[in-house]
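Visitor: Here are the chains, one letter per residue:
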Amino acid sequence: MAFVALSEAEKVYIVHGVQEDLRVDGRGCEDYRCVEVETDVVSNTSGSARVKLGHTDILVGVKAEMGTPKLEKPNEGYLEFFVDCSANATPEFEGRGGDDLGTEIANTLYRIFNNKSSVDLKSLCISPREHCWILYVDVLLLECGGNLFDAISIAVKAALFNTRIPRVRVLEDEEGLKDIELSDDPYDCIQLSVENVPCIVTLCKIGYRHVVDATLQEEACSLASLLVSVTSKGVVTCMRKVGKGSLDPESVFEMMETSKRVGKLLHTSLQSVLHKEESLGPKRQKVGFLG
Amino acid sequence: MLKSRTFLKKTRAGGVMKIVREHYLRDDIGCGASGCAACGSAHEGPVLEPQPLDRVSSLCPQPHYLLPDTNVLLHQIDVLEDPAIRNVIVLQTVLQEVRNRSAPVYKRIRDVTNNQEKHFYTFTNEHHRETYVEQLQGETSNDRNDRAIRVAAKWYNEHLKKMSAENQLRVIFITNDRKNKEKAIEEGIPAFTCEEYVKSLTANPELIDRLACLSEEGNEIDSGKIIFSEHLPLSKLQQGIKSGAYLQGTFRASRENYLEAIVWVHGDTEDNKEIILQGLKNLNRAIHEDIVAVELLPKNQWVAPSSVVLLDEGQNEDDMEKEEERECILKTAVSEKMLKPTGRVVGIIRRNWRPYCGMLSKSGIKESRRHLFTPADKRIPRIRIETRQASTLEGQRIIVAIDGWPRNSRYPNGHFVKNLGEVGDKETETEVLLLEHDVPHQPFSQAVLSLLPKMPWSITEKDMKNREDLRHLCVCSVDPPGCTDIDDALHCRELENGNLEVGVHIADVSYFIRPGNALDQESARRGTTVYLCEKRIDMVPELLSSNLCSLRSNVDRLAFSCIWEMNHNAEILKTRFTKSVINSKASLTYAEAQMRIDSSTMNDSITTSLRGLNKLAKILKKGRIENGALTLSSPEVRFHMDSETHDPIDLQTKELRETNSMVEEFMLLANISVAKKIHEEFSEHALLRKHPAPPPSNYEILVKAAKSKNLEIKTDTAKALADSLDRADSLTFPYLNTLLRILATRCMMQAVYFCSGMDTDFHHYGLASPIYTHFTSPIRRYADIIVHRLLAVAVGADCTYPELTDKHKLAELCKNLNFRHKMAQYAQRASVAFHTQLFFKSKGIVSEEAYILFVRKNALVVLIPKYGLEGTVFFEEKDKPKPRLTYDDEIPSLKIEDTVFHIFDKVKVKIMLDSSNLQHQKIRMSLVEPQIPGISVPTDTSNMDISEPETKKKKLQK
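Residue numbers (the working numbering), protein chains in the order written: chain A, 571 to 861; chain B, 918 to 1875.
You may find that some hints are simply not true.
With a Cα cut of at most 16 Å, we get these calculated EDC-like pairs of lysine to aspartate or glutamate [to be verified]:
{"hint": "1", "chain 1": "B", "residue 1": "Lys935", "chain 2": "A", "residue 2": "Asp754"}
{"hint": "2", "chain 1": "B", "residue 1": "Lys1116", "chain 2": "B", "residue 2": "Glu1418"}
{"hint": "3", "chain 1": "B", "residue 1": "Lys1502", "chain 2": "B", "residue 2": "Asp1515"}
{"hint": "4", "chain 1": "B", "residue 1": "Lys1153", "chain 2": "A", "residue 2": "Glu751"}
{"hint": "5", "chain 1": "B", "residue 1": "Lys1159", "chain 2": "A", "residue 2": "Glu635"}
{"hint": "6", "chain 1": "B", "residue 1": "Lys926", "chain 2": "A", "residue 2": "Glu847"}
{"hint": "7", "chain 1": "B", "residue 1": "Lys935", "chain 2": "A", "residue 2": "Glu789"}
{"hint": "8", "chain 1": "B", "residue 1": "Lys1159", "chain 2": "A", "residue 2": "Asp749"}
{"hint": "9", "chain 1": "B", "residue 1": "Lys1593", "chain 2": "B", "residue 2": "Asp1678"}
{"hint": "10", "chain 1": "B", "residue 1": "Lys926", "chain 2": "A", "residue 2": "Glu751"}
{"hint": "11", "chain 1": "B", "residue 1": "Lys1153", "chain 2": "A", "residue 2": "Asp755"}
{"hint": "12", "chain 1": "B", "residue 1": "Lys927", "chain 2": "A", "residue 2": "Glu635"}
{"hint": "13", "chain 1": "B", "residue 1": "Lys927", "chain 2": "A", "residue 2": "Glu646"}
{"hint": "14", "chain 1": "B", "residue 1": "Lys1724", "chain 2": "B", "residue 2": "Glu1598"}
{"hint": "15", "chain 1": "A", "residue 1": "Lys853", "chain 2": "B", "residue 2": "Glu1212"}
{"hint": "16", "chain 1": "B", "residue 1": "Lys1502", "chain 2": "B", "residue 2": "Glu1581"}
{"hint": "17", "chain 1": "B", "residue 1": "Lys935", "chain 2": "A", "residue 2": "Glu742"}
{"hint": "18", "chain 1": "B", "residue 1": "Lys1593", "chain 2": "B", "residue 2": "Glu1575"}
{"hint": "19", "chain 1": "B", "residue 1": "Lys1371", "chain 2": "B", "residue 2": "Glu1459"}
{"hint": "20", "chain 1": "B", "residue 1": "Lys1491", "chain 2": "B", "residue 2": "Glu1411"}
{"hint": "21", "chain 1": "B", "residue 1": "Lys1153", "chain 2": "A", "residue 2": "Asp758"}
{"hint": "22", "chain 1": "B", "residue 1": "Lys1626", "chain 2": "B", "residue 2": "Glu1598"}
{"hint": "23", "chain 1": "B", "residue 1": "Lys1538", "chain 2": "B", "residue 2": "Glu1598"}
{"hint": "24", "chain 1": "B", "residue 1": "Lys927", "chain 2": "A", "residue 2": "Glu789"}
{"hint": "25", "chain 1": "B", "residue 1": "Lys926", "chain 2": "A", "residue 2": "Glu635"}
{"hint": "26", "chain 1": "B", "residue 1": "Lys1812", "chain 2": "B", "residue 2": "Glu1766"}
{"hint": "27", "chain 1": "A", "residue 1": "Lys811", "chain 2": "A", "residue 2": "Glu847"}
{"hint": "28", "chain 1": "B", "residue 1": "Lys935", "chain 2": "A", "residue 2": "Glu751"}
{"hint": "29", "chain 1": "B", "residue 1": "Lys926", "chain 2": "A", "residue 2": "Asp758"}
{"hint": "30", "chain 1": "B", "residue 1": "Lys926", "chain 2": "A", "residue 2": "Asp754"}
{"hint": "31", "chain 1": "B", "residue 1": "Lys935", "chain 2": "A", "residue 2": "Asp749"}
{"hint": "32", "chain 1": "B", "residue 1": "Lys926", "chain 2": "A", "residue 2": "Glu789"}
{"hint": "33", "chain 1": "B", "residue 1": "Lys1491", "chain 2": "B", "residue 2": "Asp1396"}
{"hint": "34", "chain 1": "B", "residue 1": "Lys927", "chain 2": "A", "residue 2": "Glu751"}
{"hint": "35", "chain 1": "B", "residue 1": "Lys1035", "chain 2": "B", "residue 2": "Glu998"}
{"hint": "36", "chain 1": "A", "residue 1": "Lys581", "chain 2": "A", "residue 2": "Glu751"}
{"hint": "37", "chain 1": "B", "residue 1": "Lys1379", "chain 2": "A", "residue 2": "Glu751"}
{"hint": "38", "chain 1": "B", "residue 1": "Lys1159", "chain 2": "B", "residue 2": "Glu1212"}
Hint data in this document are derived by calculation from the structure and do not stem from the laboratory.
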């Protein structure tokens, strides 16, 4: 991960500030930085989103491709995650430098989506055991400014919301042979329900308190943090501890409560932004990378 | 302004791909009308006329332009091509749709738009800022295109209104889609159906005939009963073919029997290669050459190919009971063994319709506008057309195109395209046979002619680069009399070391025809020059074929030379190839050359050169024959034409002189040398020619025939065959050898062009050469041009280009060349046959000696040496009692009543022209000697009407 050089005094300053619910950039402990979301930024994907969270910049593209369902889940489609850490983000990612982090993030994403409720995988099935949609979710890290996991989860949710999967019909003849037919109306497509797609809320333990959406500097002061994936209804679907330090059960419980509270808020504001954007229709002026 | 267009596409692997294309809109696209101030200066000059007043339409008296939609373009292209239709706006949307749906129509519309006279304007509405439309939610791409067309039509009307207040120009939208028309009128666009509009053109009533009649889906069901079962949709067919339920193949109708056809199954399945289809319902509206899907019938319904000749004679009506009756005739009792896989057509994969030549069979009902059209090709069903000019078209050769074949119709529907002229007229018949053999014979297009060198042309300094100056050599050409496209010339001289230098100089056509340009494409398409009896259809424009490329005497010409150093035993010591400049000293005919060689008084350099060549040629020929090259024979005839009427007045078999074989020998040598060289240089993509050895079964007939005359023909190798043919001589029957050689020719396979990288067997059987190609006639064969290019690259005289070294492209080219050569041959034969008919028409009925060439079950095929004419003597005729016929397959012989006919027997036949069928006039032969009562005709019937008295006589005898 990106590296910041912090002197001992600076660290003390940050820790003490958090103690007083006053962070270096002026936020409170449960405040997120300003999040910018734009969907449909890459035209040749099925769905895409770009999220800027402070200096963290994430681009997610979703590509729908046809494939065969997994043996153990014959009537479901599935998602594949791939995280690419661009060397633009930080020089440490050069060469194979970002691979470890990429795999780690991808694995986390697999874990938070590995349940029945997050995405309706059955709707991705075209014909059981034979055809299903596979959603390739490609995450590109453009810039690292702390709190990667949260930003990525927001971007993935936005991209899935934006995803349009072409509607196909399976034609079957008398012999039971199947053929796929594609509609010639580009608007004739299915949209995924992202109602239950969780977002990750990362809580960094700094001193005796914890903060959400830590900047790089704050992350450097934290010994342990907790990744909690929360749905819009406040259900915790997955939890993971990162960092060298340890957390006592009481603070874990406290942090979960915070995450539920913050997560719900995050979901509502994200949802409203996404719906607002969609209601503008194709006439919306795109900002893209020029904004 | 930038827009992006997004669409989904199914990939071959079954996946779905999203494709995004950038699409720019501009506002500087001109409307194409001259005098339009708003877009007057935009790009190309105006194409539409400012005052399009030539058409007077009762529907729209003001001057107007037409704007047809896609379906009108697709189906009514014949109308649009008519010179009366001008000032038409073709939208880009329409053009693209046409391109996707029918390549031939697209090509035709491109030709029309390129024609300045027609004033067709292509409007790029998809890139115009005001006429571009985006596909809306819930709109199919078809609806979107229809809307785009309407938007463009509306825009045009408003745009023109601005431009010409006093002119009152309008744009009329032509569509056959009822809904689309309604919508257009709602939006205030003047719209008519194609039929309405064409009928309103009171000045051009003949256009109505060219309208394609399209029955609308709606009223198809209720009119008349349904005869045919429905064709399955393409997707179903493809699934069926994949699963093996249906078979895909080419539909080939039978010439003799309109109720029977064969489907050649594609792919390499061993069994069920050929499937028989019998009966109208099973043929299910397939037409000759269509690609169809066939379903096999259960084994108990299999049939054997019937040997009955059935012609579709029913007049107008859809008399199905009668048909069924006729179908019963086909089902003759046959043994189990004869049964062949039988099937029925379930769907059409691709139609291969083309315009057909033929004649109108006028309907019996007076004032009826529907008539049947009988194509010249018997494999094509009769076509129902609608015309008001039936009486003028009667007795004329016409062209008709098929529009469709509804399920309730006995015949396909079509429309009149063109009148070729009177039947039997020489020009008309030539046109017919060119069309029927698919010989491209239109005059060369402007694009092709523009690539010709400007006259006066001369060799420049630049041309001399990489070229040897051989103008000092004593080169001469030897050709048949009257030849204007001289592509070869020869020379021979003694070198200082005592050896001989022989040169073959071939016209350097590849210098003028550069790869890839229009001229090259056109010659590649034509493939070969076609020689008819009195006409030559050139492969390259005349300026090249008869002037610049032709190696005429006493002018400097560019050549490609193949030069050998030989010793006096004709052994090649050195071979070299070079581009050169020559100056032929004499163009001789075969006879003139022969005279020079024979006359001892002439000793000039040309004559000595010829003598040297002749001497070497003899040695070469001997060597070749020792190697097993075949000398075959076919009766070739030449017509003597009347210089005024161009009617044939006499026939003459072609004469062969020593000089013929002299030229031939050196051409063969040059071809072989070049073949070796290009194959050495380009082992993967040399264009070669091979002649496969025929399978032994082909020779059966020849061996049997020889045996009946107590001669033995060995066919193990070419050498054995050549030797045994040489030995097969009979003192009492000198013509026998020629007959055997004619038979041997019939046993041979077709020689074909191929690409060396795609084949392993290069052998040329007839010439007994391990490798062969065509190098010596680039003016009249396209293969030679490619060989020239390959050789030029090999010797470093020219540079290569990508297509030349692409073996798949080359293989494709070979396929076309082989097809064109075959068709050229057929056209040539048809032309000879037509002139033979003309000859006998003028000559009346004659009796001639003939030899039996083949014995068939119910007929004898005879050859009349005097005319080189082959014909069939039938013994079974309609409305006559059948004679007793016994056929013996072992010794080919036929016993008629009590007389036995063997192969090679000498008979006497009467020849006359049978014009009972105007469309298919033919030479009819009947037996005169030996006399068989009731069968043969008396010798002195020359002035009698043939058919009538004969039948009477027959009745008496019975």
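Visitor: Is B:Lys927 within 16 Å of A:Glu751, Cα to Cα?
Guide: Holds, at about 9 Å.
Visitor: Quick one, are B:Lys935 and A:Glu742 close enough, alpha carbons at most 16 Å?
Guide: violated (25 Å)
Visitor: Please verify whether B:Lys1159 and A:Asp749 have alpha carbons no more than 16 Å apart.
Guide: With a Cα-Cα distance of about 11 Å, the restraint between B:Lys1159 and A:Asp749 holds, given a limit of 16 Å.
Visitor: Verify the proposed pairing of B:Lys1491 with B:Asp1396, using a straight-line Cα cut of 16 Å.
Guide: Outside the cut-off at roughly 27 Å; violated.
Visitor: So if I understand the rule, the pair passes when the alpha-carbon distance is 16 Å or less; does B:Lys1159 with B:Glu1212 pass?
Guide: holds (13 Å)
Visitor: Need the status of pair B:Lys935, A:Glu789: alpha-carbon distance at most 16 Å?
Guide: Roughly 41 Å between the alpha carbons, so the hint for B:Lys935 and A:Glu789 is violated.
Visitor: Need the status of pair B:Lys926, A:Glu751: alpha-carbon distance at most 16 Å?
Guide: Answer holds: B:Lys926 to A:Glu751 is near 11 Å, not above 16 Å.
Visitor: Take a quick look at whether B:Lys935 and A:Glu751 sit within 16 Å of each other, Cα to Cα.
Guide: Distance of about 15 Å is within 16 Å: holds.
Visitor: Do the alpha carbons of B:Lys1379 and A:Glu751 lie within 16 Å of each other, as the hint requires?
Guide: violated (61 Å)
Visitor: Is the straight-line distance between the alpha-carbon of B:Lys1491 and that of B:Glu1411 16 Å or less?
Guide: holds (14 Å)
Visitor: Is B:Lys1371 within 16 Å of B:Glu1459, Cα to Cα?
Guide: holds (13 Å)
Visitor: Holds or violated: are the alpha carbons of B:Lys927 and A:Glu646 at most 16 Å from each other?
Guide: violated (22 Å)
Hints 2, 3, 5, 6, 7, 11, 13, 15, 16, 17, 18, 21, 22, 23, 24, 26, 27, 31, 32, 33, 36 and 37, counting from the list given before, are not met by this structure.
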